[in-house]
Each structure stands twice: as C-alpha cells, then as structure tokens.
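S.K.: Chains as they are written, first to last, in the numbering used here: chain A, 1 to 364; chain B, 1 to 282.
Hints are computed from structural coordinates only; laboratory data are not their basis. Warning: the hint list may mix true and false statements.
Claimed, not checked - A short, non-exhaustive set of chain A residues, derived as facing chain B with CB atoms under 7 Å:
#1 M74
#2 N84
#3 F94
#4 T106
#5 K108
Claimed, not checked - DMTMM-like mimics (lysine to aspartate or glutamate), calculated; alpha carbons at most 20 Å apart, straight line:
#6 K179/B / E117/A
#7 K179/A / D203/A
#8 K179/B / E75/A
#9 K306/A / D264/A
#10 K131/A / E127/B
#11 K225/A / D343/A
#12 K172/B / D203/A
#13 K190/B / E70/A
#14 K102/A / D37/B
#15 K172/B / D357/A
#16 K275/A / D264/A
#17 K102/A / D226/B
#18 K179/B / D343/A
#19 K179/B / E54/A
#20 K179/A / E160/A
#21 K102/A / E117/A
#22 K131/A / E173/B
#23 K152/A / E176/B
#24 K21/A / D58/A
#25 K179/B / D77/A
#26 K172/B / E72/A
#27 K179/B / D264/A
#28 K108/A / E173/B
#29 K179/B / D203/A
Note that the structure is a prediction, hence the values are computed from the model and not measured. We put the CB at the ideal spot given by N, CA and C, even for glycine.
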Amino acid sequence: MADVVLKDVRKIYVGGFEAVKGVSFTVPDGGFCVLVGPSGCGKSTLLRMVAGLETVSDGEIRIGERRVNELEPMERDIAMVFQNYALYPHMSVFDNMAYGLKNRGTPKAEIETRVNEAARILELGALLTRKPRQLSGGQRQRVAMGRAIVRKPAAFLFDEPLSNLDAKLRVQMRIEIRKLQRSLGTTSIYVTHDQLEAMTLADRLVVMNGGRMEQVGTALEVFEKPATTFVAGFIGSPPMNFLPASVEAPGRLRLAGGASLAYDPAVSGAPEGAKVLAGLRPETVAIVAAGQQGQNQSQSTWPRLKIELIEELGMGRLVHGRISESAFTVAQGPSEARPQGADFVIEVAPRAIHLFDAASGARL
Amino acid sequence: MVEHRRFGNLLPHLVLLVGVLIVAFPVYMAIIASTHDQAVIANGQMPLTPGSQAYENYYRTIVAGTTKTTRAPVGGMLLNSLIMALGIAAGKIAISIISAFAIVFFAFPFRMAAFWTIFITLMLPIEVRIYPTYKIVSDLNMLDSYAGLILPLIASATATLLFRQFFMTIPKELVEASKIDGAGPLRFFKDTLLPLSVTNIAALFVILFIFGWNQYLWPLLITTRDDMQTIVIGIKKIIDVHDALTEWQIAMATAVLAMLPPVAIVVFMQRLFVKGLIETEK
Chain A
1 MADVVLKDVR
11 KIYVGGFEAV
21 KGVSFTVPDG
31 GFCVLVGPSG
41 CGKSTLLRMV
51 AGLETVSDGE
61 IRIGERRVNE
71 LEPMERDIAM
81 VFQNYALYPH
91 MSVFDNMAYG
101 LKNRGTPKAE
111 IETRVNEAAR
121 ILELGALLTR
131 KPRQLSGGQR
141 QRVAMGRAIV
151 RKPAAFLFDE
161 PLSNLDAKLR
171 VQMRIEIRKL
181 QRSLGTTSIY
191 VTHDQLEAMT
201 LADRLVVMNG
211 GRMEQVGTAL
221 EVFEKPATTF
231 VAGFIGSPPM
241 NFLPASVEAP
251 GRLRLAGGAS
261 LAYDPAVSGA
271 PEGAKVLAGL
281 RPETVAIVAA
291 GQQGQNQSQS
301 TWPRLKIELI
311 EELGMGRLVH
321 GRISESAFTV
331 AQGPSEARPQ
341 GADFVIEVAP
351 RAIHLFDAAS
361 GARL
Chain B
1 MVEHRRFGNL
11 LPHLVLLVGV
21 LIVAFPVYMA
31 IIASTHDQAV
41 IANGQMPLTP
51 GSQAYENYYR
61 TIVAGTTKTT
71 RAPVGGMLLN
81 SLIMALGIAA
91 GKIAISIISA
101 FAIVFFAFPF
111 RMAAFWTIFI
121 TLMLPIEVRI
131 YPTYKIVSDL
141 NMLDSYAGLI
151 LPLIASATAT
161 LLFRQFFMTI
171 PKELVEASKI
181 DGAGPLRFFK
191 DTLLPLSVTN
201 IAALFVILFI
211 FGWNQYLWPL
221 LITTRDDMQT
231 IVIGIKKIID
241 VHDALTEWQI
251 AMATAVLAML
261 PPVAIVVFMQ
271 RLFVKGLIET
281 EK
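Produce the entire structure from the sequences given, and follow the hints as far as they go.
M.R.: This is the structure we're talking about:
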C-alpha cells in the first residue's frame with residue numbers, strides 16, 4: 001500500500017519529440033486515478049514510465065517513500081494489466097498467475113494459497129489448468145487481473161484493459177474492476193481513451209491532451225466545471241456544444257447569429273465585451289417550437305435551431321442541427337416529445353451555461 | 001480448389017502414382033541390390049526380387065567393411081555422420097537462436113550492422129570460404145576431429161533469420177509482462193522464448209540435420225584417417241575402386257543405411273516439422 005506521486009514528469013524521445021510535457025499529480029493511498037485523453041496524448045507513455053518500461057527524461061516518480069525513476073520494473077512493486085492481456089501462451093492459468101511469485105522466490109505453499117485465493121476472487125477456480133488460448137476474452141482479462149493481484153503490489157497499473165472486450169463485457173468488467181479495487185484497497189492508475197469508463201471508475205480524473213494535463217479532479221468536478229474547452233468537449237457524451245459569442249452585459253451573451261442568451265454571472269465571471277465560447281451540455285437544453293402558444297416576448301431573441309437529423313436511442317433521442325453556423329446537438333429524455341415542425345428555438349437555464357475564453361479555451 | 005466429382009480423384013491419383021514410382025524405383029533397386037551377392041549383380045541382369053544375401057551383406061557392411069577401399073566398417077562411418085549431423089544441427093540452432101535473441105530484444109549500437117553482416121553471409125556457402133576455413137581449422141589442429149567437422153559449419157544465417165522473423169511476431173507486451181514479473185533477459189529466454197520456439201526448433205532441426213548429414217566436400221577435405229570418414233564419403237569410396245569389381249551389394253547396403261537416419265528423423269518429427277513451418281501459435 002502506497003501513494004504514487006508524479007512531480008513535473010517529462011518524456012523526451014531521442015528524436016526530440018516531447019511526449020509528456022511536465023505532468024504532476026498525486027494518487028493517494030488506495031485511490032483510483034484514471035488518465036484519460038485522446039490517442040497520442042501521452043497517457044500510456046506516462047503509465048509506462050510509472051511501470052518502468054520507459055525511462056523518465058525529467059522529473060520524479062515516487063511510489064510510497066521511494067523514488068523509483070532508476071528502478072527496474074520488478075523492483076518497483078507494481079503490477080500491470082495490458083490491453084492485449086499479455087498472458088504467457090504456453091503456461092497454464094495457474095502458472096501465468098504464479099510466474100511473478102516464482103521469480104521472486106516465494107515459497108511453493110504460499111504461491112499455491114495466493115493463486116487459489118485470487119482464483120476464488122475472480123471465479124477462475126475451474127480454469128486453473130487451462131491454457132490462455134482455451135479461454136474467452138473476458139476470462140483472459142480475469143487471468144491478467146489475477147496475475148496482478150496475487151503479487152499484492154503497492155500499485156496496479158491498467159493500460160486500457162477493457163479495449164479488446166465487446167461493449168457488454170466491458171461494462172461488466174468495469175464494475176468488477178472497481179469492486180475489486182475497492183475491496184483490495186490498492187492504489188491504481190488506469191489509462192483509457194473512453195470517457196465513460198473514466199467517469200465511472202475514477203476517484204480522481206486526470207484529463208490529458210498533447211502531453212499536458214488539462215485538468216485534475218473528481219469525475220463530477222471535471223464534468224461540472226471543465227477547465228478548458230478541450231476537457232468540456234472530451235468528457236461527456238454526446239459532447240458539449242460550443243457557440244461563439246460576446247459578453248453584451250453581465251448575464252447576457254450576444255451570439256454570432258444575433259440571438260441572445262442569458263447566463264449566470266455568479267457562475268462565470270467574464271468581462272464585458274469579451275469574446276467567449278458558450279458551452280451548453282446537450283442534456284441541459286430544451287427544444288421549444290417557435291411561434292407557438294405560450295410564446296413570450298423574449299423568445300424572439302432566443303437562438304434558433306435548424307434541425308438536420310434526429311437519432312432515436314430508445315431511452316431518448318439526439319437531435320442534431322445548427323445554430324447559425326455552429327453544429328448543435330440536443331439530447332432529449334424519453335418523456336420529451338419528438339420535435340414536430342420546422343422552426344425551433346432552444347431554451348437553457350442560465351446556470352447551465354459554461355463560458356470559455358475564445359482565444360485560450362480556458363474557463364472564465 | 002476442392003472438387004468432389006466421382007472420377008475427379010482418379011486423374012490426380014494417377015499422376016501422383018506415376019510420380020511416386022519414378023521417385024521410389026531407384027530406392028527400391030538399391031534395397032534389392034543390397035540383398036544379392038556380387039556375382040548376381042555383376043552379370044548385368046539385375047533381378048527385381050529380393051535375394052538371399054541380405055544378412056551377410058549388411059553384416060559385412062556395418063561390421064567388417066570393404067577391405068580394399070574404405071578400410072573401415074560402415075558402422076563407424078554411421079556414427080561419425082550421426083555425430084557430425086547432430087553437432088551441426090544442435091550448434092546451428094543454439095547459435096542462431098541466441099543471435100536472433102540479441103538482435104530482436106536488445107538495443108545496442110550497430111545492431112542492424114550486425115544483423116546485415118549475418119544476413120550477407122547467407123550468400124557465402126562453405127565452398128566459397130573453403131580455403132581460409134581449412135587454414136584456420138588446420139592451424140587449430142582440428143583436422144581429423146569431430147570439432148573440425150562440426151565447428152566451421154555451425155554458423156547459420158538462415159536459421160538466425162528464421163528465428164528473428166519468429167521473435168518479431170512475439171508481442172512486446174509479453175516481454176514487458178515478463179519484466180514486471182521479475183524475469184531478467186535470461187529467464188525470459190528460458191521460460192518464455194524457448195517454449196514458444198519449440199516447433200520452430202523442431203522444423204529447423206529436421207532441415208539442419210539433413211543438411212549436416214549430406215555434407216560431402218568439407219569432410220572429404222579435412223578427414224584423412226579411415227576411422228573419421230563419414231558415410232557419404234564412404235559410399236563414394238566404395239564405388240570408386242581400381243583394378244577390381246565394385247562391390248555393388250556393399251555400396252547399395254551402405255546407401256540404404258545412409259538413407260535411414262534422415263528418413264527416421266523426418267518420419268518421427270513430421271508433425272512438429274509441419275507445425276513449425278506453418279503455424280504461429282500465440
């Protein structure tokens with residue numbers, strides 16, 4: 001049991017390419033930290049540096065009390081679960097799990113108890129004599145997990161462990177991983193590009209982009225107060241809509257098409273006249289048929305939505321369209337009516353509008 | 001293309017049968033000839049049925065030898081050939097698997113240069129470098145020895161290349177998992193790489209054993225003592241007599257004996273052999 005601390009960690013490859021540009025965060029003892037970002041953002045490189053599979057160009061990595069920069073992977077007291085499982089194809093399930101213990105000179109009797117214990121937790125008991133090729137994807141994933149837990153390491157490292165599974169199994173394994181981690185209380189770092197996986201698993205979410213950390217926080221913090229337009233667009237599905245606008249007066253935005261939108265000045269403090277991007281989550285927006293009864297005066301200035309496509313999801317629908325030139329998506333719940341007609345405006349609570357600086361993308 | 005017409009199989013069978021006959025007939029003749037005595041063969045009318053001299057001929061071949069030409073029994077030659085072929089096959093596999101291991105899994109300066117140097121020697125058969133090789137072997141006092149027969153032949157670019165190609169198909173996560181599981185390079189080699197290479201090794205062993213067994217020029221050059229002759233040279237010497245009749249029954253018995261070990265190797269290792277050449281199990 002230990003915490004994992006990264007201090008200004010950098011990775012510069014031989015050619016001069018900087019894959020990780022100074023990342024610092026702490027995973028508390030027993031915490032579950034998820035690194036999320038698009039492919040090529042450096043998240044896997046970062047994890048591999050923690051594992052000791054890549055050298056650290058600059059900065060410091062600590063696991064517990066020890067600085068591990070110069071230690072070999074086996075000396076770091078970590079276990080890793082790979083995307084393609086990386087099971088030893090010629091060894092039985094038992095041997096796969098026992099291999100790491102054997103190499104460390106663990107007594108035979110103890111290996112046996114530990115492997116059997118892991119097999120019991122992961123429900124692999126009946127499969128111990130099988131070879132990996134005789135197992136299904138989900139079972140292989142369990143064996144890979146088992147190989148990690150028998151060692152009782154200071155930290156688990158997961159490198160997109162669920163990417164090779166089908167959607168249904170992925171959800172199931174996701175829940176199992178979280179339960180397992182909770183019951184074992186082992187510090188974990190988990191890399192994924194799937195924002196849903198990231199949201200559901202993380203105590204602490206690290207959103208990365210282009211080798212930098214965009215934001216660190218709990219899943220809810222990151223979702224509710226995204227620090228940049230990148231985070232706002234990456235976390236949440238369907239992604240947040242952005243509308244270019246300028247601040248007309250505190251609490252009032254003027255959109256590109258001339259429409260206006262109210263926001264809560266207590267939530268976002270943007271200076272008057274500033275060029276901003278207004279971020280609207282698809283599920284916070286309501287579609288109102290324009291020019292119908294119940295129309296009040298201000299509605300004439302509400303943003304107009306031109307609907308292009310409606311996707312039925314069963315548990316609601318996605319309405320894709322445009323507001324002036326910007327693509328705009330609205331997520332409707334199952335109880336909301338499918339929009340009929342041609343002319344719509346959108347309505348959104350002022351508190352639900354996020355404002356970002358148009359130039360830097362930073363939250364205002 | 002698989003067809004299931006009733007007579008569709010007839011023609012292919014016929015073609016195969018003719019092929020088998022053409023290939024097998026000389027072998028059959030050799031076996032028949034090795035069972036007759038010298039006079040029957042020498043009169044020019046070779047019978048097509050087995051004779052009665054099989055036991056005598058083979059006994060004489062293996063234990064006594066032809067006194068005039070080889071001056072040594074074929075039994076000893078068989079043993080020499082066996083030691084040489086096994087030594088070459090084992091040596092080639094051992095050296096090439098280690099070279100491929102180094103080339104694929106380690107990053108060191110001039111790695112590609114080393115690989116290309118090995119690769120270029122693919123184009124240098126023993127005949128091309130025979131003079132310098134002979135000089136070195138003779139300077140090292142290895143003429144007329146098993147070491148002299150084996151050592152110059154055990155470097156193999158082909159086998160190195162084969163192992164390299166196979167190693168490159170091993171996912172790098174497997175290497176990394178081994179590292180995290182606390183296996184150093186040697187342990188990774190022993191625990192993971194070797195077991196995964198078994199079928200490849202078997203396939204190579206078959207090919208290399210036959211290569212070693214069939215060596216002619218090199219053993220001819222460096223063996224002068226009768227008790228160091230290999231069987232392939234023995235056949236040649238038995239046939240090559242002056243001022244006397246060639247003892248064809250002995251020559252044929254020797255040929256048959258020379259055929260047996262490679263055939264046995266192929267028969268017993270066929271399953272692994274085919275598996276090693278076509279299957280990549282990961």
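S.K.: The structure should be examined with respect to each hint, and the outcome stated for every one.
M.R.: Against the structure, the hints come out as follows:
1. M74: holds (4 Å)
2. N84: Holds - the Cβ of N84/A comes within 7 Å of chain B, reaching about 6 Å at its closest.
3. F94: violated (14 Å)
4. T106: At about 10 Å, which exceeds the 7 Å cut-off, the nearest Cβ of chain B leaves the hint on T106/A violated.
5. K108: violated (16 Å)
6. K179/B / E117/A: The given pair, whose Cα atoms are some 24 Å apart, is violated under the 20 Å limit.
7. K179/A / D203/A: holds (13 Å)
8. K179/B / E75/A: Satisfied, since the Cα-Cα distance of roughly 10 Å is no more than 20 Å.
9. K306/A / D264/A: Measuring from Cα to Cα gives roughly 26 Å; hence the hint is violated.
10. K131/A / E127/B: violated (47 Å)
11. K225/A / D343/A: Not satisfied, since the Cα-Cα distance of roughly 32 Å exceeds 20 Å.
12. K172/B / D203/A: violated (31 Å)
13. K190/B / E70/A: violated (26 Å)
14. K102/A / D37/B: violated (65 Å)
15. K172/B / D357/A: violated (43 Å)
16. K275/A / D264/A: Roughly 17 Å separates the two Cα atoms, so the pair holds.
17. K102/A / D226/B: This hinted pair is violated, its Cα atoms lying about 53 Å apart.
18. K179/B / D343/A: violated (63 Å)
19. K179/B / E54/A: holds (12 Å)
20. K179/A / E160/A: holds (17 Å)
21. K102/A / E117/A: The given pair, whose Cα atoms are some 16 Å apart, holds under the 20 Å limit.
22. K131/A / E173/B: Satisfied, since the Cα-Cα distance of roughly 18 Å is no more than 20 Å.
23. K152/A / E176/B: holds (19 Å)
24. K21/A / D58/A: holds (9 Å)
25. K179/B / D77/A: holds (12 Å)
26. K172/B / E72/A: holds (17 Å)
27. K179/B / D264/A: Given that 20 Å is the threshold and the Cα spacing comes to 54 Å, the pair is violated.
28. K108/A / E173/B: violated (27 Å)
29. K179/B / D203/A: Violated - the C-alpha atoms of D203/A and K179/B are around 29 Å apart, more than 20 Å.
When each numbered hint is compared with the structure, violations occur for hints 3, 4, 5, 6, 9, 10, 11, 12, 13, 14, 15, 17, 18, 27, 28 and 29.
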